[in-house]
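There are 2 protein chains.
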Amino acid sequence: MTISYIGEFEQMVLLAVLQQGEEAYAIDVRKELDRSAGRSVSRGALYRTFDRLEAKGYVEWELEDGNRIPERGGHPMRKFRVTEAGVEALRISRTALVKLWRGLDAVLDES
Amino acid sequence: MTISYIGEFEQMVLLAVLQQGEEAYAIDVRKELDRSAGRSVSRGALYRTFDRLEAKGYVEWELEDGNRIPERGGHPMRKFRVTEAGVEALRISRTALVKLWRGLDAVLDES
DNA sequence: ATCCGAAGTATACGTTGTATACTAGCGAGG
DNA sequence: CCTCGCTAGTATACAACGTATACTTCGGAT
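Chains Z and W, in that order, are what the protein sequence lines are. Numbering that gives the first Met the number 0 applies: residue 0 is where the first sequence begins, and numbers increase by one. Numbering that gives the first Met the number 0 applies: residue 0 is where the second sequence begins, and numbers increase by one.
Do not rely on the hints blindly, as some may be mistaken.
No distinction is drawn between identical chains; accordingly, a pair holds when it is met within one copy or between any pair of copies.
[Unchecked claim] Below, computed lysine-lysine pairings styled on PhoX-like, alpha-carbon distance capped at 25 Å:
1) Lys55 / Lys78
2) Lys78 / Lys98
3) Lys30 / Lys98
4) Lys30 / Lys78
Quick caveat, the hints were computed from the structure, so don't treat them as lab data. Just so it is clear, the structure is predicted and the values come from calculations on it, not from any experiment.
Starting from the given sequences, assemble the full structure and let the hints guide the process.
Here it is in structure tokens:
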């Protein structure tokens with residue numbers, strides 16, 4: 000399994016899913032992205048990214064288990080989970096960034 | 000000056016320049032990326048990225064000061080420096096990532 | 001029956017990532 | 001000197017990623 004690099008937004012989406020306790024609904028991911036990265040993306044933007052992550056085998060999903068019915072109708076909700084390959088891709092990019100940040104705290108720390 | 004997001008490769012390039020003591024030649028940046036991120040990019044790919052970073056005001060450059068003559072000819076070398084705006088962009092993305100990584104060490108630490 | 005809001009889908013397009021092919025100039029060897 | 005080979009940078013092309021807008025669906029309220 001070749002691990003291709005992940006884009007910066009893809010990386011944040013993957014992390015936002017993990018933050019919700021390893022699996023999450025799109026809604027929650029959007030909130031997490033807004034809260035942690037100050038990034039408000041449209042629904043379309045987010046689903047497009049999920050599609051690409053799925054094509055790479057970095058996320059999987061299933062329809063809601065009926066436990067959590069939407070309050071006012073609409074399509075059934077998709078629940079996303081990060082695969083082991085997805086976690087591995089996150090590890091790789093984190094490792095690289097940590098190395099590249101090394102020694103630069105004086106420059107990069109908040110002012 | 001609106002701070003637009005930076006792509007994941009742009010981020011690494013910026014960091015690789017800083018790693019060389021705040022300014023660097025393209026050659027050194029390529030070596031750093033290979034060493035720290037395990038990424039071997041072509042010269043063309045790297046210069047293209049430098050051009051875009053320059054357009055955003057995140058790097059500046061000047062021709063070598065004559066101090067360091069290339070051994071076998073070629074174009075004069077360009078020496079790159081990250082601007083304050085570039086450093087600020089790096090801070091922003093680092094802050095977001097650190098937040099998104101919080102609490103995920105058990106999942107993300109090397110195995 | 002109609003309107004409204006929630007969740008997902010389709011599509012389009014600008015930006016970023018990346019390679020390949022090409023130009024330019026210095027030193028070595030014939 | 002002329003050409004070979006190396007080094008540094010430039011031009012161009014195209015795939016992948018980031019992102020919005022517009023549209024479809026379907027339940028509840030009126």
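Structure-based check of all given hints:
1. Lys55 / Lys78: within (17 Å within a copy, 37 Å between copies)
2. Lys78 / Lys98: between (33 Å within a copy, 23 Å between copies)
3. Lys30 / Lys98: between (29 Å within a copy, 14 Å between copies)
4. Lys30 / Lys78: within (15 Å within a copy, 41 Å between copies)
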